[in-house]
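Peer 1: Here is how the chains run, residue by residue.
2 protein chains.
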Amino acid sequence: MDALDAVLTKIEVREFAAEDVPYDVQKKVLEAGRMAASAYNKQPWIFILINDKDLLKKVAALANTGPYISKAAFAVAVFVDPNNPFHIIDGTRAVQNMMIAAWSFGLGSVWVGGLEREKIAELLKVPKNLYLLTVIPFGKPAKKLKGKKTRKPLKEIAFLNYYGNELK
Amino acid sequence: MDALDAVLTKIEVREFAAEDVPYDVQKKVLEAGRMAASAYNKQPWIFILINDKDLLKKVAALANTGPYISKAAFAVAVFVDPNNPFHIIDGTRAVQNMMIAAWSFGLGSVWVGGLEREKIAELLKVPKNLYLLTVIPFGKPAKKLKGKKTRKPLKEIAFLNYYGNELK
Numbered sequence: 183m184d185a186l187d188a189v190l191t192k193i194e195v196r197e198f199a200a201e202d203v204p205y206d207v208q209k210k211v212l213e214a215g216r217m218a219a220s221a222y223n224k225q226p227w228i229f230i231l232i233n234d235k236d237l238l239k240k241v242a243a244l245a246n247t248g249p250y251i252s253k254a255a256f257a258v259a260v261f262v263d264p265n266n267p268f269h270i271i272d273g274t275r276a277v278q279n280m281m282i283a284a285w286s287f288g289l290g291s292v293w294v295g296g297l298e299r300e301k302i303a304e305l306l307k308v309p310k311n312l313y314l315l316t317v318i319p320f321g322k323p324a325k326k327l328k329g330k331k332t333r334k335p336l337k338e339i340a341f342l343n344y345y346g347n348e349l350k
Numbered sequence: 183m184d185a186l187d188a189v190l191t192k193i194e195v196r197e198f199a200a201e202d203v204p205y206d207v208q209k210k211v212l213e214a215g216r217m218a219a220s221a222y223n224k225q226p227w228i229f230i231l232i233n234d235k236d237l238l239k240k241v242a243a244l245a246n247t248g249p250y251i252s253k254a255a256f257a258v259a260v261f262v263d264p265n266n267p268f269h270i271i272d273g274t275r276a277v278q279n280m281m282i283a284a285w286s287f288g289l290g291s292v293w294v295g296g297l298e299r300e301k302i303a304e305l306l307k308v309p310k311n312l313y314l315l316t317v318i319p320f321g322k323p324a325k326k327l328k329g330k331k332t333r334k335p336l337k338e339i340a341f342l343n344y345y346g347n348e349l350k
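Read top to bottom, the protein sequences are chains A and B.
Here my numbering is used: the first residue of the first sequence is 183, the next is one more, and so on.
Here my numbering is used: the first residue of the second sequence is 183, the next is one more, and so on.
Just so you know, the hints here were simulated from the structure itself, not pulled from any lab data.
Watch out, some of these pointers could steer you wrong.
As the list claims (entries may be wrong) - If you anchor each label on the Cβ, the simulated ranges turn out as follows:
hint	chain 1	residue 1	chain 2	residue 2	range
1	A	Asp234	B	Ala243	51 to 59 angstroms
2	A	Asn223	B	Pro249	18 to 26 angstroms
3	B	Lys326	A	Pro267	26 to 34 angstroms
4	A	Ala200	B	Pro249	50 to 58 angstroms
5	A	Asp187	B	Lys326	28 to 36 angstroms
6	B	Met183	A	Ala200	27 to 35 angstroms
Claimed, not checked - Okay, the calculated bits of chain A under chain B, using three or more residues with CB under 8 angstroms as the criterion:
hint	segment
7	184-190
8	335-343
These numbers come from a predicted model, not from an experiment.
Backbone N, C-alpha and C fix where the C-beta goes; we use that ideal spot for every residue, glycine too.
Model the full assembly from the supplied sequences, consistent with the hints where possible.
Peer 2: What follows is the structure, encoded as structure tokens:
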């Protein structure tokens, strides 16, 4: 899928088909995150690829806003180093890369931020000095996706050279 | 350009060719940002498209880590609403979309974060309640790009189900 098409059409997906995703595709999603840019190229991230079905259910139970993690084909828990002042930005850049690449493979995903972070870190045996930015569930979208993509019009959010100066 | 290729190959670009970029391409980059997902679809962002050469130089002079803004074909200043708890994440998602789309058009870019934020906001006439996340210069890369893309190996940053458990 073309890169522009991918970013324009990608929509957050919360309902997944009960269909496995090949392991090499899961790894390509990780690669997309690995190759992200970061401040001073510090790459202050760790990815936990979760594809064990029982573990997905356990993580889902610790995600207030992400029960759909239990139905995902796999998920990626993204931990970042909070001592790096750019950890939120850099971690997010890696996540967005993963989501866009996944979408281009026909996989939906959604940012899950409502998490019992310490419990999930403990479950995944991740050192306590790392911060859980998000858990992203991935999977083939369910046949009937609810919702459609709505965004503010460009003229409302973008201006030419100066705030308030309309785009041509 | 294929979406996966785009995220895998995109490298931060700090040296730009002295070549203009068509206005419709500049707008496509904004569109890529506009269509990003955000928490509760709040879209807590404002984009200022800067393509006035004098203004680019003035912004560059206020960017400690971004003198190359002065040589960009255009730049996008991304402001976010700091009252939105997800403003850094959401703004970053929009930025990453723009950078990936631009790369697919053959345009390089770089995250500039060392900014005299209040002065730039004043220069661009942006209301004081908004926070300047970054200014991203865009342009065709100079012929001889310095630097190459180096990243930690996947096995060092990614694990299978549990931290420390190697990927297959």
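Peer 1: Compare the structure with each hint and give your call.
Peer 2: These are the hints, each one checked on the structure:
1. Asp234(A) / Ala243(B): 51 to 59 angstroms: holds, 53 angstroms
2. Asn223(A) / Pro249(B): 18 to 26 angstroms: With Cβ atoms ~19 angstroms apart, the hint holds.
3. Lys326(B) / Pro267(A): 26 to 34 angstroms: Given range 26 to 34 angstroms: holds, Cβ gap about 31 angstroms.
4. Ala200(A) / Pro249(B): 50 to 58 angstroms: holds, 53 angstroms
5. Asp187(A) / Lys326(B): 28 to 36 angstroms: Hint holds: Cβ distance 31 angstroms, inside 28 to 36 angstroms.
6. Met183(B) / Ala200(A): 27 to 35 angstroms: holds, 33 angstroms
7. 184-190: holds (count 7)
8. 335-343: holds (count 6)
In summary, the structure agrees with every hint in the numbered list given earlier.
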